[in-house]
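**Student:** Sequence:
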Amino acid sequence: MRRRPGIAGLQNAAATRDQFRLVGENVAKVRTDVMKEQLATFRSQLEEFARKHKVLGSGFEVISVGRRKLVRSVPTELNKDHSGILGLAQTEGYVTVEQVEKEFSWSTGRAIDALETLLKEGLAMIDDGHRDGKHRYWFPCVTVTSDIPGTEARS
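Using the UniProt record's numbering, the first residue of the sequence shown is number 1, and each one after it goes up by one.
Among the clues, some could well be false.
[To be verified] Each computed DSSO-like pair below joins lysine-lysine, with the alpha-carbon atoms no more than 30 Å apart: (1) 80 / 102; (2) 134 / 52; (3) 69 / 80; (4) 52 / 36; (5) 120 / 80; (6) 80 / 134; (7) 69 / 36; (8) 80 / 29; (9) 52 / 102; (10) 69 / 134; (11) 52 / 29; (12) 102 / 120.
[Claimed, not checked] Label pairs and their in silico Cβ distance ranges: (13) 63 / 105: 20 to 28 Å; (14) 9 / 44: 50 to 58 Å; (15) 13 / 48: 51 to 59 Å; (16) 50 / 14: 52 to 60 Å; (17) 68 / 131: 27 to 35 Å; (18) 17 / 51: 27 to 35 Å; (19) 79 / 32: 17 to 25 Å; (20) 45 / 105: 29 to 37 Å; (21) 29 / 6: 29 to 37 Å; (22) 129 / 79: 55 to 63 Å; (23) 26 / 140: 52 to 60 Å; (24) 45 / 120: 27 to 35 Å; (25) 40 / 128: 16 to 24 Å; (26) 83 / 130: 57 to 65 Å.
In short, the hints are calculated from the structure, not lab data. Virtual Cβ for every residue (Gly too), placed ideally from N, Cα, C.
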């Protein structure tokens, strides 16, 4: 027949549980201290990064152009002319001065002014090496509509 643990056995079991509890508390304290140190380091490095790269300011904004949303990351204000051009660029990824004039019934000066502003602000790139000699203003910030699933031309 098996004997049950006596008082000494119960005391040993309680002492063992207490030791495990103390070790667990010490491990938790060490982990907490390490985590606090890592967070302090991260915070100081993040603050330095923010000071160094004044990251970017408040220039980031999500704007709607037609049915699409764009992230504006340049500190310029886009007016209706700029938004219209960005919407037009969604069909082919680029526009020409002539396309803008025709689409919006604008003067050449107005079209060029709006396109040059977009170029200066980094929203457009110019391609002046096309065979027809027309400048093409490419917009890497927009996706061509036919590249979006569900917008393919239907027969």
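**Student:** Could you check the hint for me, namely that residue 13 and residue 48 are 51 to 59 Å apart, CB to CB?
**Tutor:** 53 Å, holds
**Student:** Keeping to a limit of 30 Å between CA atoms, is the pair of residue 52 and residue 102 held or broken?
**Tutor:** It is violated: about 45 Å lies between the C-alpha atoms, which goes past 30 Å.
**Student:** For residue 52 and residue 36, compute the direct alpha-carbon distance and say whether it is at most 30 Å.
**Tutor:** 24 Å, holds
**Student:** Honestly, do residue 17 and residue 51 meet the 27 to 35 Å range at C-beta?
**Tutor:** 51 Å, violated
**Student:** When you take the CB atoms of residue 45 and residue 120, is the distance between them in 27 to 35 Å?
**Tutor:** The hinted range 27 to 35 Å holds for residue 45 and residue 120, with Cβ atoms some 34 Å apart.
**Student:** Does the Cβ-Cβ separation between residue 50 and residue 14 fall within 52 to 60 Å?
**Tutor:** 53 Å, holds
**Student:** Given a hinted range of 57 to 65 Å, is it respected by the beta-carbon distance of residue 83 and residue 130?
**Tutor:** 25 Å, violated
**Student:** Would you mind confirming whether the straight-line C-alpha gap from residue 102 to residue 120 stays at or under 30 Å?
**Tutor:** Judged against 30 Å, a Cα distance of about 23 Å means the pair holds.
**Student:** Is 27 to 35 Å right for how far apart the beta carbons of residue 68 and residue 131 are?
**Tutor:** 30 Å, holds
**Student:** Can the suggested window of 20 to 28 Å be confirmed for the beta-carbon pair residue 63 and residue 105?
**Tutor:** The hinted range 20 to 28 Å holds for residue 63 and residue 105, with Cβ atoms some 24 Å apart.
**Student:** Going straight from one Cα to the other, do residue 80 and residue 134 come out at no more than 30 Å?
**Tutor:** 24 Å, holds
**Student:** Is the straight-line distance between the alpha-carbon of residue 52 and that of residue 29 30 Å or less?
**Tutor:** Violated - the C-alpha atoms of residue 29 and residue 52 are around 35 Å apart, more than 30 Å.
In summary, the numbered hints that this structure violates are 2, 7, 8, 9, 11, 18, 19, 20, 22, 25, 26.
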